[in-house]
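K.L.:
These are the residues of each chain, in order.
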Amino acid sequence: MFGNAWIAASWMRVGLSLLVLTNPCGLKNFSNRQEGCNIKEDAAADYKLVGLHGTFQPFGRNSNLQVRFFLPLSGEDGQRIVAVQAVEVQGLSNYFMQSKDSIRWHEGDWNTFAPWPTKDVIDPLNLFSQNIAVLAFYKTGTGQPVYLPVDISTQEIKSGPRKYTFSVFHGQSLQKLDLILTDKAGVAPKIHKPELTCRPEIHPGCHYSDAGNTVTFDLDLSALPDGQYRLKLIGYKVDGSKPTTEVLFYHHQ
Amino acid sequence: MVAVLLCFLMPAAGLFLAARFHPATVSNISLSAAKVPFLTGERRILSPEDNQQVNVTGLDSLQMELSPGAVVTVDGLTLKSGRLEVHGEPGASCSFYRVRSSAFELTGPTKISLEVPAAEDVAGAWFTLKAHGVLQGTFTSRARNGGFRSGFMCRRVQVNSMAAELLETNLAAAGSDVLFLTTAGDARIDFELSPHSQIGDSQIAIMDEVRFAEIDPQTGEEKTVLRKPPSGYKNEISFDHLEKKVSLDDADLLVVEPASEFYLRQFTVKDGIQLSMHGLVRDVRVGPGSGAMESRMPSLFDHLDTEKRFWLAVPAIAGVLLGILEKMGLLKKNESAA
Chain R
1 MFGNAWIAAS WMRVGLSLLV LTNPCGLKNF SNRQEGCNIK EDAAADYKLV
51 GLHGTFQPFG RNSNLQVRFF LPLSGEDGQR IVAVQAVEVQ GLSNYFMQSK
101 DSIRWHEGDW NTFAPWPTKD VIDPLNLFSQ NIAVLAFYKT GTGQPVYLPV
151 DISTQEIKSG PRKYTFSVFH GQSLQKLDLI LTDKAGVAPK IHKPELTCRP
201 EIHPGCHYSD AGNTVTFDLD LSALPDGQYR LKLIGYKVDG SKPTTEVLFY
251 HHQ
Chain X
254 MVAVLLCFLM PAAGLFLAAR FHPATVSNIS LSAAKVPFLT GERRILSPED
304 NQQVNVTGLD SLQMELSPGA VVTVDGLTLK SGRLEVHGEP GASCSFYRVR
354 SSAFELTGPT KISLEVPAAE DVAGAWFTLK AHGVLQGTFT SRARNGGFRS
404 GFMCRRVQVN SMAAELLETN LAAAGSDVLF LTTAGDARID FELSPHSQIG
454 DSQIAIMDEV RFAEIDPQTG EEKTVLRKPP SGYKNEISFD HLEKKVSLDD
504 ADLLVVEPAS EFYLRQFTVK DGIQLSMHGL VRDVRVGPGS GAMESRMPSL
554 FDHLDTEKRF WLAVPAIAGV LLGILEKMGL LKKNESAA
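Residue numbers (this note's numbering), protein chains in the order written: chain R, 1 to 253; chain X, 254 to 591.
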């Protein structure tokens, strides 16, 4: 009555049902975070900073990650919301992680976000460490986030050189991206900035980076004093328009 | 009385179940889409192609076979190319100008997404391949054409184990310099196609569900990636050996769940991605939003209906046989009825 094909098909259905049950997609609740597959709603169309790293130690499967960042004193900022977020740089799985608001952070001090075991979501999605971007930030009453460079590791980290790696998603194809860094007083400190452009001299319609991609660049602030800095990003499109944005971040040695 | 009721109830129950059971069916799916994401176990993907520019984001290594005397610039310093080992750091990217790309080798089961940008986003014809899995390919420089010559530049790399912000060079004006590329585990390759591009591929086995949707970064909602098909193409599903055809609205979401032997039979890039898929599918769901997806698979009743001539032939043949048996006196008459 029931042939081998029917039995095989039934087993396949059972297997697929189990696969669906173990699929880590959708956001899951953990004690200190939500993690799964989603995209945060405040993603911007033109630009979105997705990663700001000081140190990033590559990690393998079954690791327990720690995210360390310095949270400055609130001063006149008032009530703050502090969060740690992670996404994929090249996203095929729509990976997303966000810390819970219930975590108590320490102002004027280094903070560590942990535990963050990769076995929960990162390993089942087969994500590679090079493709994970992490952010920490606080938001004040004005709603503008101030980003806090993070050190990511599986063990305790000592402070190293403050050369920061920025990962910026952009929604439009760019020929060139200019970086303008200023301190809180509006003064532009002298630091080396990478030249982020394609080669219009050999291909006038060239793209430095294509729509929907994420560009990665370094800025070394090791020689600069602690404080809040403003990074202005000016993109240049082939049609001459210039999508622009600004990112605030706090640098601490 | 019970027997009469059963005579109605049993066929009704059978028909009810037959109308609701959707067996796996061989399907033909023709679509125009802006994005085609799938998991494949194929060893190669994409046809060779002449490109104006290729951008690779996510580089593992680059090996070069350059013409004698070629000069490479590393962070402003010029080097004789000799033997250069180039490895990518996280976030490494390379741009290649006027090169011919080979097919790309896949090193294991790979998640692929074929994409074209929204028409209003970019001038020129761009096509994107994203991969979760390592790709290996070759770029060969093309001969100089007027002011346009081949070249490349890479960022965030290590050249002979030394970190370099920018590596760049012009390739031989006569062409034929060769670059061997291996991508990182997650990579994106953007191709600026030449005006008469034939880029595409065929017979790619698909191993998992294909979801014709993308998540809108503004809302987190799923949005369709189907497009209005160009003239001569249709967004349509047909089922082999059945008369059922399903026309698809390009505003709907579409999910295809393969059963076995399911293939991306062919795709080309022309006013979007034009693709044809074929094979045994377990389910095809269509809907205006992710919460309102409905199966469009033919039911068991549809299958039986298609085979109605076969099923009608059964009682006819049985009647003939019974008649023959009766004539031969091999059927006992019911004495009580007589």
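Be aware that one or more of the hints could be misleading.
Only pairs whose alpha carbons sit at most 27 Å apart, straight line, appear in this in silico BS3-like list of lysine-lysine [claimed, not checked]:
| id | chain 1 | residue 1 | chain 2 | residue 2 |
| --- | --- | --- | --- | --- |
| 1 | X | K487 | R | K237 |
| 2 | R | K237 | X | K523 |
| 3 | X | K498 | X | K487 |
| 4 | X | K476 | R | K28 |
| 5 | X | K364 | R | K28 |
| 6 | R | K184 | R | K232 |
Rather than coming from a laboratory, the hints here were simulated on the basis of the structure.
K.L.:
Each hint should be assessed against the structure and marked as holding or not.
P.N.:
Outcome of the hint check:
For the suggested pair X/K487 and R/K237, the alpha carbons sit about 34 Å apart, so the restraint of at most 27 Å is broken. Taking the CA atoms of R/K237 and X/K523, the gap is near 24 Å; set against the 27 Å cutoff, the hint holds. At roughly 12 Å between alpha-carbon atoms, X/K498 and X/K487 fall within 27 Å of each other, so this suggested pair holds. For a cut-off of 27 Å, the pair hint linking X/K476 to R/K28 stands: about 22 Å separates their Cα positions.
In summary, the hint linking X/K364 to R/K28 is supported, as the alpha carbons are separated by about 23 Å, within the 27 Å threshold. Under the criterion of a C-alpha separation no larger than 27 Å, the hint pairing R/K184 with R/K232 is consistent with the structure, at around 13 Å.
Hint 1 alone, counting from the list given before, is not met by this structure.
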